[in-house]
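So the sequence lines, in the order shown, correspond to chains L and V.
Mapped onto the numbering used here, the consecutive letters of the first sequence carry residue numbers 9 to 502.
Mapped onto the numbering used here, the consecutive letters of the second sequence carry residue numbers 9 to 502.
Think of the hints as simulated: they come from the structure by calculation, not from any bench.
Wrong hints could be hidden among the right ones.
If several chains are the same, the list does not tell them apart, and a pair holds so long as it fits within one copy or across any two.
[What the hints assert, rightly or not] Here are the computed lysine to any residue pairs in the SDA-like style, where the Cα-Cα straight-line distance is at most 25 Å:
hint	residue 1	residue 2
1	Lys-424	Leu-275
2	Lys-141	Glu-454
3	Lys-435	Gln-171
4	Lys-152	Glu-99
5	Lys-228	Leu-206
6	Lys-315	Tyr-440
There are 2 protein chains.
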Amino acid sequence: MLRLGPLVAAGRLLAGPRCSGTRGSVCRAGPGPLGERGLPSQGLVLKTPKGTRDHPPAHMVLRDRLLAAVVTCFKRHGAAAIDTPVLELRETLVGKYGEEAKLIYELQDQGGELLALRYDLTVPFARYLAMNKITNMKRYHIAKVYRRDNPATTRGRYREFYQCDFDIAGQFDPMIPDAECLKIVHEILSDLQLGDFLIKVNDRRILNGVVAVCGIPESKFISTCSTIDKLDKMPWKEVRSEMVGEKGLSPEAADRIGEYVQLNGGLDLVERLLQDPKLSQNKLAKEGLGDMKLLFEYLTLFGIARKISFDLSLARGLDYYTGVIFEAVLLQQENDHMEEPVSVGSVAGGGRYDELVGMFDPKGRKVPCVGVSIGIERIFSILEQKVKASGEKIRTTETQVLVATPHKHLLAARLKLISELWDAGIKAEMLYRKDPKLLKQLQYCEDTGIPLAAIVGEQELTDGVVKLRDVATREEVDIPREKLVDEIRRRLEP
Amino acid sequence: MLRLGPLVAAGRLLAGPRCSGTRGSVCRAGPGPLGERGLPSQGLVLKTPKGTRDHPPAHMVLRDRLLAAVVTCFKRHGAAAIDTPVLELRETLVGKYGEEAKLIYELQDQGGELLALRYDLTVPFARYLAMNKITNMKRYHIAKVYRRDNPATTRGRYREFYQCDFDIAGQFDPMIPDAECLKIVHEILSDLQLGDFLIKVNDRRILNGVVAVCGIPESKFISTCSTIDKLDKMPWKEVRSEMVGEKGLSPEAADRIGEYVQLNGGLDLVERLLQDPKLSQNKLAKEGLGDMKLLFEYLTLFGIARKISFDLSLARGLDYYTGVIFEAVLLQQENDHMEEPVSVGSVAGGGRYDELVGMFDPKGRKVPCVGVSIGIERIFSILEQKVKASGEKIRTTETQVLVATPHKHLLAARLKLISELWDAGIKAEMLYRKDPKLLKQLQYCEDTGIPLAAIVGEQELTDGVVKLRDVATREEVDIPREKLVDEIRRRLEP
Chain L
9 MLRLGPLVAA
19 GRLLAGPRCS
29 GTRGSVCRAG
39 PGPLGERGLP
49 SQGLVLKTPK
59 GTRDHPPAHM
69 VLRDRLLAAV
79 VTCFKRHGAA
89 AIDTPVLELR
99 ETLVGKYGEE
109 AKLIYELQDQ
119 GGELLALRYD
129 LTVPFARYLA
139 MNKITNMKRY
149 HIAKVYRRDN
159 PATTRGRYRE
169 FYQCDFDIAG
179 QFDPMIPDAE
189 CLKIVHEILS
199 DLQLGDFLIK
209 VNDRRILNGV
219 VAVCGIPESK
229 FISTCSTIDK
239 LDKMPWKEVR
249 SEMVGEKGLS
259 PEAADRIGEY
269 VQLNGGLDLV
279 ERLLQDPKLS
289 QNKLAKEGLG
299 DMKLLFEYLT
309 LFGIARKISF
319 DLSLARGLDY
329 YTGVIFEAVL
339 LQQENDHMEE
349 PVSVGSVAGG
359 GRYDELVGMF
369 DPKGRKVPCV
379 GVSIGIERIF
389 SILEQKVKAS
399 GEKIRTTETQ
409 VLVATPHKHL
419 LAARLKLISE
429 LWDAGIKAEM
439 LYRKDPKLLK
449 QLQYCEDTGI
459 PLAAIVGEQE
469 LTDGVVKLRD
479 VATREEVDIP
489 REKLVDEIRR
499 RLEP
Chain V
9 MLRLGPLVAA
19 GRLLAGPRCS
29 GTRGSVCRAG
39 PGPLGERGLP
49 SQGLVLKTPK
59 GTRDHPPAHM
69 VLRDRLLAAV
79 VTCFKRHGAA
89 AIDTPVLELR
99 ETLVGKYGEE
109 AKLIYELQDQ
119 GGELLALRYD
129 LTVPFARYLA
139 MNKITNMKRY
149 HIAKVYRRDN
159 PATTRGRYRE
169 FYQCDFDIAG
179 QFDPMIPDAE
189 CLKIVHEILS
199 DLQLGDFLIK
209 VNDRRILNGV
219 VAVCGIPESK
229 FISTCSTIDK
239 LDKMPWKEVR
249 SEMVGEKGLS
259 PEAADRIGEY
269 VQLNGGLDLV
279 ERLLQDPKLS
289 QNKLAKEGLG
299 DMKLLFEYLT
309 LFGIARKISF
319 DLSLARGLDY
329 YTGVIFEAVL
339 LQQENDHMEE
349 PVSVGSVAGG
359 GRYDELVGMF
369 DPKGRKVPCV
379 GVSIGIERIF
389 SILEQKVKAS
399 GEKIRTTETQ
409 VLVATPHKHL
419 LAARLKLISE
429 LWDAGIKAEM
439 LYRKDPKLLK
449 QLQYCEDTGI
459 PLAAIVGEQE
469 LTDGVVKLRD
479 VATREEVDIP
489 REKLVDEIRR
499 RLEP
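Only chain L is shown next, with the shape it has when bound in the complex (with noise of 0.2 Å):
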């Protein structure tokens, strides 16, 4: 990171004493002579906060592509948009993470509310559905949101991080929106091109079923749950022993434990737990696996029941889901020999969370809803990687000409003609110079991929027209001024 020099500049800052109003050092012009003799330097750290980064032009392009694929997507749905604030009351937040609260940032109490940043969207949609007394939409929501977690920025992992969530609110018939949520995570990841993936679905109700029917205590449900869901990193036998070791789970529990959540499959393990002799005694877990039968029924008719696996080890982290869970994973092709890999675990997950509304209504009404959400970060950091392997040349602009002079004393002349271009809706630039060489400005072109020049010498003004140049094959020919815009348009249509 950059530590600035003394800042030379500020003593001739024409707007004033620009420091003023700031507290103590800051604007101090650090290192000067402290930093020279070796001791810590009273510079300026220049960069963005830990686990946070900016976004270049090259970004933004390959991600509002991917933002513009998952926003079709969710409209192909009927789904609408919302938006609330970054900003929410800490008590909004408080009590609907479980352990994962701590990774709330949290704002200084500056004379007025209590103020955290938003953990996820989940809980600002419920909180405006209870708020709005709202019992039935079907809404996306794609923003920023803030976790204090640690940053593994290789893997796409941030503090700061897009989040794209889709929720259907409502008292509904079994599944049928639960389904459907799926079904969006499924054309999500095929339309993005990703490779072979799988979407691993489970029911909270079914996990409940388990630990109940293994003789768990309900008070160890949700930390025995956190250890299950570790089971895509760890084997068994170490997830086993933080069962018995940290946990506190007898030995016999885990081990009986153990039987089921090593299972996955499809309509048939569905079938075969419907049919097991401890858990179909358990209310719980008979009402998901009932769902779960639906579930497939309908993944079925989709035509993508072959994408889905029903894991019993699937457990997801937070607190507020009540019903069906999923989660989507890309699966590592054996004989991919990219040069990195990237690792990027789970792509896209969500689940139902029925009581949550209900925590912010008065009397407790509840609002039941499911709802899924695109990593789009993980995404990104793989269309980045097959952007770099593919070799693709990004242009950051859409600018299709370039307004030029091809010698001296011409800036009016390209002042006039590109206020024509624009007012006739061309993307178009020139050069901010009063006399540009006609190399720069054809240069300026090759470097930003802009396609074709206008440009007007002494002879082109005589003659009423505009020299158009294509830049990738150097033709020129003259165009009549009043017929330049729809020659440009006719050039460039699709």
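Got chain L sorted already, so can you dock chain V onto it with the hints?
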């Protein structure tokens, strides 16, 4: 974990952002038993933080239209997009905003860095340029910024609000980029058809010269400017008394200033001041007036000079401006008899800041910049008012077809058909019910503006067709299933 009291106020309110921006008790979940006894309510406060608001779908549609118009203009001028974090190191922001710095939101020190929410997009842009050693860039940035201001939400003034900035960084020939910024303001305000407007321009160097030739010490420049800036809201008499009273200027100095700052006009005024015996002797003022003359020359070539007013009372609040400054205001039509006239103030502003990047560069290297910020929130308030007045019904979704069934036991048929439509890129919805009544399905189309219904009953399934219904005309035609997608596309062609 939550203590919710009855939310009395909420019960009477619909989807509006009714709790946003209110202070105190409006959405407080009282009184409840405690509240009734007059004790402080223990209930959850169901609201967004002071000065912030949710954006419901109808807002979002309008906002997206507005932002699309602004982005189109920025791209027409060749700008690339960037994004920076909402969070910045506190030291990045400190010392850049003068008196206004007290409005910066600060985060709690949570064992890491000292952070704040960005106050504008200009300082992060300067930090970005310096950090990446960029000396030449034309960029736009549309994002939320945060100010702990006193919200005036009816006038479109919030604590969380969007800024839409376009800036040109680099060492160029004078006033060419500056003129383009004014052209952009002119284009956007014309495109949006907000009524007549005026763009005031001035130059910090001219102001500096005025203050100097009136015999006011350099140390009082900033505070004098902030008083001058009030001339658009207060008569000269009051401004003068603030100068003499609060700011400690001599009555004579104040009167001398008064003679200058009440002037406004066009190129003629520039010429006159260039002949002013005192001002023409001041180096900075002379430079500023020379550039102002050039600016008017370029604006005339752009054909927009008649909307520009050289106004010596324009000072602008921020510390970092060093040259040209400008501000666009809408002109209230005398014959405008709106029921609730929106008072909006300035809708765009900006200027030149040649020293800001140097404040971040370790060697103080300068990158001259000029930029413009579009006051999107204020414009949004006006557009909202206009839409309301016009009675336009805004659709918040884009769904093209509702997949419906005329009788029971056809959920599978609906799921299969809607899946085919989604896969073909058609925007389709269905009701999340096993057996919804046809009337209810058609009612949903009318309520949400869906133009077509695709109906499948037993007969249609047998015949291999789908009944396509035009919701407005109620006409129904059987379409062979394999031709349905094409027919829908044909019908919805713009």
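So, going through the hints one by one against the coordinates:
1. Lys-424 / Leu-275: Close across copies (19 Å), not inside one copy (70 Å); limit 25 Å.
2. Lys-141 / Glu-454: between (56 Å within a copy, 22 Å between copies)
3. Lys-435 / Gln-171: Intra 32 Å, inter 22 Å, cutoff 25 Å: inter-copy only.
4. Lys-152 / Glu-99: This pair counts as both: shortest intra-copy Cα distance 20 Å, inter-copy 23 Å.
5. Lys-228 / Leu-206: neither (30 Å within a copy, 67 Å between copies)
6. Lys-315 / Tyr-440: This pair counts as between: shortest inter-copy Cα distance 23 Å, intra-copy 55 Å.
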